[in-house]
Amino acid sequence: MINHTRFLRTSLGLVAAALLASGCTSSTAAGPNGPAANQNTGPKTPAKAEPVNISNRAKLLFEDAVKAMDTQKKAKAVDYPSLERKFKTALEADPNLAEADYNLGVLAERQGKKDEAKNWYRSALKKKPTLRQASENLAVMSTNEGDIPGAVALYTDVLKRFPDDAASRARLAEIYRQTGDLVKALEFARAALMRDPQSTTALKVMMRTYVDRKQPAIAKMVALRALKLDENDPELHHTVGLIIQGEGDPDGAMLAFKKALEVRPDYLPAHILLAQLSLDAEDYPGAEEHLRKILQAGGNNAAAHLNLGVAYKGQGQYDKAMQEYDEAEKLDPKMAAIFLNRAIILHRAKDAPERALELYKKYVAMAGDEVALSAEAPVFGLMREAEAVVQAKKEAKMAEDQAKQMEELQKKQEAEMKKNGGAQGANPAGAKSEPMEDPTTGDLAPNPASAPNAPAPQKAAPGQKNPAQSDPAEPTDEF
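Counted the way mature numbering (1 follows the signal peptide of the UniProt record, and there is no 0) counts, the sequence shown spans residues -29 to -1, 1 to 450.
Treat the hints as calculated values from the structure; they're not laboratory data.
Fair warning: there could be bad hints in the mix.
To be verified - Taking lysine to any residue pairs in the SDA-like style, the calculated list, with each CA pair at most 25 Å apart, reads:
1) Lys155 x Asp183
2) Lys364 x Leu328
3) Lys85 x Lys199
4) Lys264 x Lys301
5) Lys45 x Lys59
6) Lys199 x Pro187
7) Lys185 x Leu248
8) Lys229 x Pro256
9) Lys264 x Pro221
10) Lys301 x Tyr255
11) Lys199 x Gly217
Claimed, not checked - Derived CB-CB ranges, DEER-like:
12) Glu116 x Pro236: 17 to 27 Å
13) Lys229 x Arg28: 46 to 56 Å
14) Asp86 x Arg28: 50 to 60 Å
Predicted, not measured: the structure shown is a model, and the values here were computed from it.
Ideal Cβ positions, reconstructed from N, Cα and C, are used throughout, including at glycine.
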C-alpha cells in the first residue's frame, strides 16, 4: 500500500488566533491556527508548550496559498511553481510559520523532489516539534523507500509524543503486515480503530491482513464497512477488487478496479491490474490503454514496456512490439520473458526460426536460474516447433540445390547434344568427301557419291574371295 502525504490548511475566520506550539494538528489536516481549526479531532499532548505568535499578514498569505491550491486541485491543473511562490511569500512574512515549510515539503514531494521535501519537513519540525504531520510524512517516505527501520522509529517517536494518535498506529500496522507479522498488524489496526472508529487507513490494513490470512469473507465485511465511510477512496475499491479476484471472479474484480479509476483516474494500482486482466482476456486494445497510463506516470517500468509489447503483438503490430521489448531490455536485461516474447515474433511472424531458436534457448537458461521449468512448459513446445521449421527449411534448401544441379546438368547435356548434332550435320548426303585409296593399285579411287550415273557395286559370287574390280572406264554392255 503506497501512502500519500497531505497539505495543511487553515480557516479565514480564525486567522487572527494565536498559533500554539502544542499538538495542534489532527489525523486529517490543519492550518497554522492549530486546534481551533479542528477542535474535535485534535489529539491530546503530553505537555503544553509556549504559544508562538504568527503575524496576521503571514496568516493571510498562507490562507491565500491554500485557497489557490484547492482551486487548482478542483480544476485538475496544479501549477506547482506558483503555489511554491505563494507559500514562500507567507514564510518570508514570518519565518516561524512551520506549516508553510510543511506544505512546501508536500509540493516538493509531489514533484518527485524527495530530498528537498525531507529538508522542508525537517525544517518544519525544527520550528514546531509538535507538527505531527511532518513526522508522519517523513515516516511515509521512509516506508515507500523501503527504509522500514527508519519508518518504525519515526512512528514510534510520534506515538511517544501523541499516545492517542490513530494514524501512526494504522501505518505501523501496515508496516507489520508488509513484513509478514499479521498478528501485530491486526493488533495495531484494532488499536487505531479504538482511537478513531472512522480511520479508513486502519480498515484497509485489516482488509489486507484478512486477505493475507485467506479469510476473504471477513475481509469483505470490513471492506463494506469502509466503503460506507468513504466511497471516494480508490484504494478501498481496489482492495475490494483484490478480494473478488481472489474468489475467482475476474469480471467482478474488473468492475471494482474500474470504480477505483472513476474515483481517481490516475490510480496506478488499478491500471496495473486492469492491464493484466485485459491481457488475460486477450483484450489487447484495452490493455494498451492502461499500460500507456502506467508509462505516462513513470517510463522506467520494464514490466510495463514488456506487457505493452505483448499488447502490440496481440494486435499484429510486430515492429512496435519489438521496440517495446528493446525498451524493456534496456531497463532490465535480466528479464527472461523479454527473450521469450521476442522469439515468438521472430518464429511466427518474421520467418526467422533459427534466431528464434537461439532466443528460446536463452530464455530457458535464464528462467531456469530463477525457477526450474517444467518439461511441459510451453517454451519447449515452441522450441520443437521451431526446430521442425528449421529442419524443413534445410530439407527444402537441399531439394532446391539438387533441383538446380539437375537443371544445370540437363542444360549441359543439351548443349553437348546440340554440339554433337552439329558435327554430324557437317557431312550430309551428296556432299563431297575425301577420296578412298584403291587397295589393289594404290591409286585414289573417286568418291562414288560424286561420280554421276555410277553403277551400284556388284556382290561377289559365292566362294570368290577376291572378286575382280570393275573398271569404271570400261564401257558397259547395256544399251
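Hints versus structure:
no., hint, result
1, Lys155 x Asp183, "holds, 13 Å"
2, Lys364 x Leu328, "holds, 14 Å"
3, Lys85 x Lys199, "violated, 34 Å"
4, Lys264 x Lys301, "holds, 20 Å"
5, Lys45 x Lys59, "holds, 22 Å"
6, Lys199 x Pro187, "holds, 18 Å"
7, Lys185 x Leu248, "holds, 22 Å"
8, Lys229 x Pro256, "holds, 16 Å"
9, Lys264 x Pro221, "holds, 21 Å"
10, Lys301 x Tyr255, "holds, 24 Å"
11, Lys199 x Gly217, "holds, 22 Å"
12, Glu116 x Pro236: 17 to 27 Å, "holds, 26 Å"
13, Lys229 x Arg28: 46 to 56 Å, "holds, 48 Å"
14, Asp86 x Arg28: 50 to 60 Å, "violated, 31 Å"
This entry does not satisfy hints 3, 14, going by the numbered hints stated previously.
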